[in-house]
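Colleague: These protein sequences, in sequence, are chains C and S.
According to numbering that gives the first Met the number 0, the stretch in the first sequence is residues 0 to 364, in order.
According to numbering that gives the first Met the number 0, the stretch in the second sequence is residues 0 to 138, in order.
The reader is advised that the hints may include incorrect statements.
[What the hints assert, rightly or not] Pairs of lysine to aspartate or glutamate, DMTMM-like flavour, derived with a Cα cap of 20 Å:
no., chain 1, residue 1, chain 2, residue 2
1, C, K330, C, D201
2, C, K211, S, D96
3, S, K93, S, E113
4, S, K93, C, D154
5, C, K197, S, E113
6, S, K93, C, D201
Quick caveat, the hints were computed from the structure, so don't treat them as lab data.
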Amino acid sequence: MTDSTSLEKADRFIGDDSLSDLIFDNIPDYAFIKDDQLRIVKANDAFCSMYPEEAREKIIGYTTLDSYQPEEVEEFIKDDKKALETGYAECLEIINFPDGGVRTLFTRKKRFYDAKGATFILGLSSDVTEREHLVAQLKRSNEALDEFAYIASHDLKAPLNAISKLVTWIDEDYGDELPEGAKENFDLIQQRVSRMSKLLHDLLIYSRVNRKHSENETFEFCEFTKEIYDSIDIEAKLKLECTSLIVTLPKTALEVVTRNLISNSLKHHDCENGSLIIHVKESAKEYEMHFIDDGPGIPPEYREKVFEMFQTLKPRDQQEGSGMGLAIIKKVLNHYGGSVDIVDSNVGTEFVLKWPKVDTRVNPN
Amino acid sequence: MQNNDITVLVVEDDDIDYMTVKRSFAKRKIMNPMVRAIDGVEALEFLQAKKIEYPFIVLLDLKMPRMGGLEFLARLREDPELQDTVVFVLTTSKDEDDIHHSYEKNVAGYFLKEEASNSMMSLVDMLDGYWRIVQFPTK
Numbered sequence: 000m001t002d003s004t005s006l007e008k009a010d011r012f013i014g015d016d017s018l019s020d021l022i023f024d025n026i027p028d029y030a031f032i033k034d035d036q037l038r039i040v041k042a043n044d045a046f047c048s049m050y051p052e053e054a055r056e057k058i059i060g061y062t063t064l065d066s067y068q069p070e071e072v073e074e075f076i077k078d079d080k081k082a083l084e085t086g087y088a089e090c091l092e093i094i095n096f097p098d099g100g101v102r103t104l105f106t107r108k109k110r111f112y113d114a115k116g117a118t119f120i121l122g123l124s125s126d127v128t129e130r131e132h133l134v135a136q137l138k139r140s141n142e143a144l145d146e147f148a149y150i151a152s153h154d155l156k157a158p159l160n161a162i163s164k165l166v167t168w169i170d171e172d173y174g175d176e177l178p179e180g181a182k183e184n185f186d187l188i189q190q191r192v193s194r195m196s197k198l199l200h201d202l203l204i205y206s207r208v209n210r211k212h213s214e215n216e217t218f219e220f221c222e223f224t225k226e227i228y229d230s231i232d233i234e235a236k237l238k239l240e241c242t243s244l245i246v247t248l249p250k251t252a253l254e255v256v257t258r259n260l261i262s263n264s265l266k267h268h269d270c271e272n273g274s275l276i277i278h279v280k281e282s283a284k285e286y287e288m289h290f291i292d293d294g295p296g297i298p299p300e301y302r303e304k305v306f307e308m309f310q311t312l313k314p315r316d317q318q319e320g321s322g323m324g325l326a327i328i329k330k331v332l333n334h335y336g337g338s339v340d341i342v343d344s345n346v347g348t349e350f351v352l353k354w355p356k357v358d359t360r361v362n363p364n
Numbered sequence: 000m001q002n003n004d005i006t007v008l009v010v011e012d013d014d015i016d017y018m019t020v021k022r023s024f025a026k027r028k029i030m031n032p033m034v035r036a037i038d039g040v041e042a043l044e045f046l047q048a049k050k051i052e053y054p055f056i057v058l059l060d061l062k063m064p065r066m067g068g069l070e071f072l073a074r075l076r077e078d079p080e081l082q083d084t085v086v087f088v089l090t091t092s093k094d095e096d097d098i099h100h101s102y103e104k105n106v107a108g109y110f111l112k113e114e115a116s117n118s119m120m121s122l123v124d125m126l127d128g129y130w131r132i133v134q135f136p137t138k
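Please build the complete structure, drawing on both the sequences and the hints.
Modeller: Right under this line is the structure:
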């Protein structure tokens with residue numbers, strides 16, 4: 000094809016309505032134009048196919064409203080009027096097709112004026128049935144998850160508490176008569192009960208961690224971490240070093256993260272005089288935090304696994320823990336559009352957290 | 000009125016939770032008569048049939064089959080004969096809404112069943128002190 004022939008082709012459409020007609024007919028949407036009396040003055044083939052064959056003669060020039068249920072008509076007129084008045088309207092509609100199918104359409108209506116100044120509405124409807132179906136499915140499964148969290152917190156905990164009480168009562172009432180072996184086993188039951196109770200508790204925290212939207216607050220970071228450090232009830236002591244910086248971050252969410260990281264360092268540290276260094280630096284788009292300890296470290300092959308739910312690196316009989324801490328941290332960071340990683344360091348463990356200043360997520364609430 | 004005249008109506012669906020209350024009272028050698036209803040429906044039946052001797056207080060669980068604690072409270076406050084009943088809530092629910100709605104229905108106190116049994120003992124001590132000095136209207 001030469002340049003002159005392609006130019007010829009382009010010329011063909013100048014001053015000719017056939018291109019816009021072609022576009023109108025081939026848009027993969029249901030397209031129509033209504034005048035200010037809500038009569039359809041133009042409709043593409045897809046739009047016409049929504050009507051039974053015998054009714055297609057009576058589309059152009061008609062309002063076509065008598066082929067719908069009265070409540071659907073109300074809805075149509077409402078949006079048409081809104082588009083005429085304000086210039087734009089959009090809505091989700093569930094439409095019964097002549098072939099018996101029920102589809103969900105997302106319809107946008109835009110007001111425009113022709114060369115003579117007459118008012119029209121351009122309507123475009125996309126079939127979003129599958130999308131809406133998936134959204135509804137997602138909603139249902141989220142609700143099921145919430146319900147599960149509640150069951151985990153209440154209904155599973157209640158019998159566990161009952162077991163714990165019964166064991167205590169046996170000890171109180173018959174403790175003197177029990178042989179030593181039985182007593183030891185009762186102690187083990189108590190220990191497992193409290194472990195399971197902790198698992199359920201942390202599972203509940205995990206499932207609800209981002210339910211309450213944590214507001215941005217402005218505070219001094221070092222003071223904040225020291226307060227958390229002092230409030231953690233673990234016997235080990237680490238020398239804490241921390242950057243002073245005024246930060247603006249969702250404080251409650253950051254507290255969950257910081258508390259878990261500090262208590263991990265304390266819990267897993269293997270020598271007497273360890274240290275924990277917490278750096279924070281601010282850039283235009285985010286806060287970057289480093290939590291560096293000189294503990295036993297996490298071997299590279301486990302650095303992804305430790306962020307999974309219920310993962311621990313030691314048997315729980317050696318080191319009590321639900322294995323939920325890092326999973327919770329990851330969930331919080333994901334929620335705020337940030338990240339958490341373990342980086343290579345010579346000794347110990349170094350966590351790097353990136354927390355964006357501006358919430359970049361769609362519909363953050 | 001003797002302090003050990005006050006009857007305790009325990010509205011509780013869980014056997015072991017009821018045993019916990021009984022044990023805690025026994026530990027403090029509190030001899031007040033205790034009656035158990037297994038849910039709100041039974042508790043209302045007892046009260047409306049005047050099966051519980053006056054004076055009495057109610058220890059109320061919230062999550063129960065048939066009729067939960069909040070619905071029981073609503074019915075109680077609607078009943079002119081029973082609306083002045085002293086009710087203490089004893090539940091595992093830490094839900095803010097449950098706490099709020101309980102006080103809205105004029106409970107005398109909202110207490111949590113904690114896993115540790117010593118919190119139950121503090122509640123019993125509180126009740127023991129309460130009815131040592133409380134004055135009820137004569138009926």
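Colleague: If you draw a straight line from the CA of K330/C to the CA of D201/C, is it 20 Å or shorter?
Modeller: At roughly 13 Å apart (the allowed maximum being 20 Å), D201/C and K330/C satisfy the hint.
Colleague: For a C-alpha distance cap of 20 Å, please report whether K93/S and D154/C respect it.
Modeller: Judged against 20 Å, a Cα distance of about 14 Å means the pair holds.
Colleague: Take a quick look at whether K197/C and E113/S sit within 20 Å of each other, Cα to Cα.
Modeller: Between K197/C and E113/S the Cα gap is close to 14 Å, so the pair holds against 20 Å.
Colleague: Is the straight-line distance between the alpha-carbon of K93/S and that of D201/C 20 Å or less?
Modeller: Holds, at roughly 16 Å.
Colleague: Would you check the hint for K93/S and E113/S, treating anything up to 20 Å between C-alpha atoms as holding?
Modeller: 10 Å, holds
Colleague: Take a quick look at whether K211/C and D96/S sit within 20 Å of each other, Cα to Cα.
Modeller: 15 Å, holds
In this structure, none of the earlier numbered hints is contradicted; all agree with it.
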